[in-house]
Every structure is written in structure tokens, then in C-alpha cells.
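**Q** Sequence:
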Amino acid sequence: MTPEIARLYEACDQTWPAARRFDQGAWTLREGLGGGKRVSAATALGQVDAADIDTAETAMRRLEQTPLFMIRDGDAALDGILEARGYRVVDPVVIYTLPIERLTDVPIPRVTAFNIWEPLAIMHEIWAQGGVGPARIQVMERAREKTAILSRWNEKPAGVAFAALHDGICMVHAVEVLAHQRRQGVAGWMMRRAAFWAQSRGATQMAVLCVVQNAGANALYRAMGFTEQGRYHYRQSPE
Numbered sequence: 001m002t003p004e005i006a007r008l009y010e011a012c013d014q015t016w017p018a019a020r021r022f023d024q025g026a027w028t029l030r031e032g033l034g035g036g037k038r039v040s041a042a043t044a045l046g047q048v049d050a051a052d053i054d055t056a057e058t059a060m061r062r063l064e065q066t067p068l069f070m071i072r073d074g075d076a077a078l079d080g081i082l083e084a085r086g087y088r089v090v091d092p093v094v095i096y097t098l099p100i101e102r103l104t105d106v107p108i109p110r111v112t113a114f115n116i117w118e119p120l121a122i123m124h125e126i127w128a129q130g131g132v133g134p135a136r137i138q139v140m141e142r143a144r145e146k147t148a149i150l151s152r153w154n155e156k157p158a159g160v161a162f163a164a165l166h167d168g169i170c171m172v173h174a175v176e177v178l179a180h181q182r183r184q185g186v187a188g189w190m191m192r193r194a195a196f197w198a199q200s201r202g203a204t205q206m207a208v209l210c211v212v213q214n215a216g217a218n219a220l221y222r223a224m225g226f227t228e229q230g231r232y233h234y235r236q237s238p239e
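Counting in my numbering, the sequence shown tops out at residue 239, every number present.
Mixed in with the good hints, there may be bad ones.
[As the list claims (entries may be wrong)] Restraint-style ranges between C-beta atoms, simulated for each label pair:
1. Val90 x Ala135: 43 to 51 Å
2. Ala77 x Glu228: 21 to 29 Å
3. Glu83 x Thr227: 24 to 32 Å
Worth flagging that the hints you see were computed from the coordinates, not collected in a lab. Heads up, the beta-carbon is just placed ideally off N, CA and C, and yes, glycines get one too.
Using the sequences and the hints, build the whole thing.
**A** This is the structure:
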């Protein structure tokens with residue numbers, strides 16, 4: 001694992017934090033409280049064996065979580081062991097980055113996108129339509145330096161996003177655009193609003209995570225100039 005990708009993995013953890021993250025034996029474990037895979041998955045601290053996996057499974061069950069592992073750069077051996085145990089691949093994800101000044105070179109039109117914390121009721125409603133419910137809102141609340149983005153288009157609410165800072169990186173999460181407002185540049189303006197907010201706080205890099213299967217979002221981020229820096233996926237217990 002390169003230092004840069006390790007820095008991005010840490011930014012993922014710090015900008016979308018678990019309720020509890022702790023090291024136990026060969027693992028970093030996370031208690032998610034229903035906030036999704038990223039805040040619930042175990043990650044390896046180094047090389048592991050079958051006994052280590054047994055230990056992690058037991059620990060996750062004690063947290064009342066289905067055993068789930070995040071497979072990152074350098075985890076090929078772990079990936080193979082889990083595959084042999086019947087664990088299935090879930091949600092391959094691409095990590096993208098872009099120098100922040102590439103998103104602060106164009107002024108944002110008036111009343112197009114705003115940074116707001118705490119989120120307004122309409123923002124909660126838009127997130128809920130995209131499957132981002134109260135448990136994930138609690139994840140946002142746990143981040144230290146953060147904001148939410150509300151976009152308007154055609155004089156109506158259009159989309160929402162969440163942004164948080166760590167180590168000079170602004171990572172954007174939970175991007176949701178209402179169906180009838182898509183394909184009009186709404187997501188791009190929200191990314192730019194997040195960039196202006198983050199740059200004013202010293203950030204130099206933008207980052208975003210995108211599930212491989214979401215072809216539209218991947219195409220959007222690449223068109224904006226984001227470049228792939230790494231990937232990860234999950235292995236989920238067959239139980």
C-alpha cells in the first residue's frame with residue numbers, strides 16, 4: 001500500500017466515521033450502528049491467517065454485525081482466504097481525486113448551491129429518497145470538520161451532498177440528485193461548492209468514492225477531471 005492510498009483510506013474513515021473504531025489483534029474493527037458497510041467493515045492491519053479471521057468474525061458478531069471485511073490494496077491474500085470460505089464480493093468502489101483548484105476556477109451561479117450545516121428538512125427528505133436515512137445522518141454528525149451542500153435548479157431543490165475534511169483532503173459523500181433534476185449539471189455544481197468551502201479551510205485535494213456499477217457517476221467524475229487512485233471492495237459472510 002502506497003503512502004498516498006493509505007492517506008486516502010484514512011480520509012475515508014475520518015470523514016465518514018464509525019461510531020467506534022478500535023484495533024483488536026490483527027484487525028481494525030468498526031461498530032457501525034446501522035450506518036452502512038464503510039462504518040461496519042473490518043480491515044487487516046497486516047498479514048492474517050484463518051485463525052485471525054475466526055477472531056474477527058467472533059468480534060463482529062458480538063457487535064451484532066454480520067461479518068464483513070473491506071479488501072484494500074495489499075489484501076490479496078486475505079481476499080483469497082475469504083473467497084475460499086464462501087464470502088462474496090460486494091460493492092467494488094473506485095477512489096477518485098482531483099486538485100482542488102480544478103473545481104474553484106469557475107464562479108458558481110447565484111442560488112445554485114449552498115453549504116449548510118446543520119442540514120435542512122428538505123435535505124433529509126432528498127437523502128431519504130436515495131436511501132440515506134437517520135443512521136447515515138448520524139455518521140455525518142460524527143465527522144469533525146464538515147458541511148452539507150444543497151443545490152437548487154429551475155428554482156426548486158435539486159440535490160444534496162455531504163463533505164468533510166481530513167489531512168488536506170475534502171471527501172464528498174452521499175451525493176443525491178432528485179430524478180427529475182438529473183443530467184443538468186447539478187452534481188457538478190455541488191462538487192464545486194464543496195471545493196470552495198474546503199479550499200477556504202486549507203484543503204488542497206478533492207476526493208470522492210464511487211461504486212463501480214454506477215456507470216453514470218463514474219463518467220461524471222472522470223469528465224470533471226477526477227483520476228482513479230485506488231479501489232476497494234467488501235467480502236460479506238454468506239450467513
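**Q** Can you give the numbers of the hints that this structure goes against, from lowest to highest?
**A** 1
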